[in-house]
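Asker: So the chains spell out like this:
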Amino acid sequence: AQSVTQLDSQVPVFEEAPVELRCNYSSSVSVYLFWYVQYPNQGLQLLLKYLSGSTLVKGINGFEAEFNKSQTSFHLRKPSVHISDTAEYFCAVSATGNNRKLIWGLGTSLAVNP
Amino acid sequence: DAGVTQSPTHLIKTRGQQVTLRCSPKSGHDTVSWYQQALGQGPQFIFQYYEEEERQRGNFPDRFSGHQFPNYSSELNVNALLLGDSALYLCASSSSSGSSYNEQFFGPGTRLTVL
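Top to bottom, those sequences are chains A and B.
Under our numbering, think of the first position of the first sequence as 1, with each following residue one higher.
Under our numbering, think of the first position of the second sequence as 115, with each following residue one higher.
Quick caveat, the hints were computed from the structure, so don't treat them as lab data.
Don't take every hint at face value.
Facing chain B, a subset of chain A residues (Cβ under 7 Å, in silico) [claimed, not checked]:
{"id": "1", "residue": "Val19"}
{"id": "2", "residue": "Gly43"}
{"id": "3", "residue": "Phe90"}
Take a look, some chain A residues computed to stay more than 10 Å from chain B by CB distance [what the hints assert, rightly or not]:
{"id": "4", "residue": "Val4"}
{"id": "5", "residue": "Asp8"}
{"id": "6", "residue": "Val13"}
{"id": "7", "residue": "Ser28"}
{"id": "8", "residue": "Asn41"}
{"id": "9", "residue": "Gln42"}
{"id": "10", "residue": "Lys49"}
{"id": "11", "residue": "Gly53"}
{"id": "12", "residue": "His82"}
{"id": "13", "residue": "Ser84"}
{"id": "14", "residue": "Thr96"}
{"id": "15", "residue": "Asn113"}
We put the CB at the ideal spot given by N, CA and C, even for glycine.
Given only the sequences and the hints, what does the whole structure look like? Please build it.
Answerer: Following this line, the structure appears as C-alpha cells:
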C-alpha cells in the first residue's frame with residue numbers, strides 16, 4: 001500500500017517569490033509520483049509526473065519537482081510565482097504500471113499575495 | 115475534443131435516497147476511474163472500470179456501485195445516502211493501450227450534497 005503526506009496545509013507567499021511545496025510518500029513497491037493542481041470549482045490538472053529516469057522533472061507553468069528516493073520525497077518548486085498560481089496543489093502516488101489507482105495527499109493551499 | 119464530461123454539475127439529495135452520477139470519457143479513452151473528494155481533503159479512489167467490468171476498488175462500501183457502457187461512458191450509483199457522502203465526485207478517464215503509463219484526465223466533478 002502507498003500513502004502520501006503533504007507537510008504544509010497552507011503556504012502564503014508574495015508574488016515573484018520562490019515557493020516549495022513539500023510531499024513525502026511511503027510505499028513497499030516502486031511508484032510513480034504526480035503533482036496536480038486544482039483551481040476553485042474546477043477539476044484536477046496534471047502539473048508534472050515522475051515515472052523513471054532523471055530525478056528532476058519539469059512540468060507546466062514553470063513548475064518542477066525532484067524525486068529523492070532515499071528521503072522518499074517529491075517536493076514541488078517554482079522560482080517565481082504569480083497571482084494566477086493561487087490554487088490547491090495535490091501530490092499523488094501510484095504503483096508502477098498503467099491505470100493504477102492514485103493515492104492522494106490532503107493538499108496544500110497556495111495563496112500568492114501581491 | 116470535449117474532454118471528460120460529468121453530469122449533473124450539482125445535486126442535492128436527502129438521507130436514504132439513491133443517486134446516479136454520469137461520466138463521458140475523453141475521446142479515445144476506454145478506462146474510467148471514480149474518486150470522492152470531501153471538502154478540504156484529497157480525492158479517494160472509489161473504483162475503476164475497463165471493458166465494462168470493475169477492475170480495481172478502493173475502500174468503499176457496497177452502497178457504491180458502478181457501471182460502464184459499451185461506449186465507455188460510466189455511471190456511479192450510491193444507495194442509502196448518508197450525510198458523509200456529501201462530496202465532489204470526480205471522474206477520470208485514460209487509455210489502456212500502449213505504454214506503461216497513460217495519463218488520467220479529470221472531469222470537473224459533480225458536487226453532491228446530502229441533507
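Asker: Which earlier hints turn out false for this structure, listed by number in ascending order?
Answerer: 1, 4, 8, 9, 10, 14
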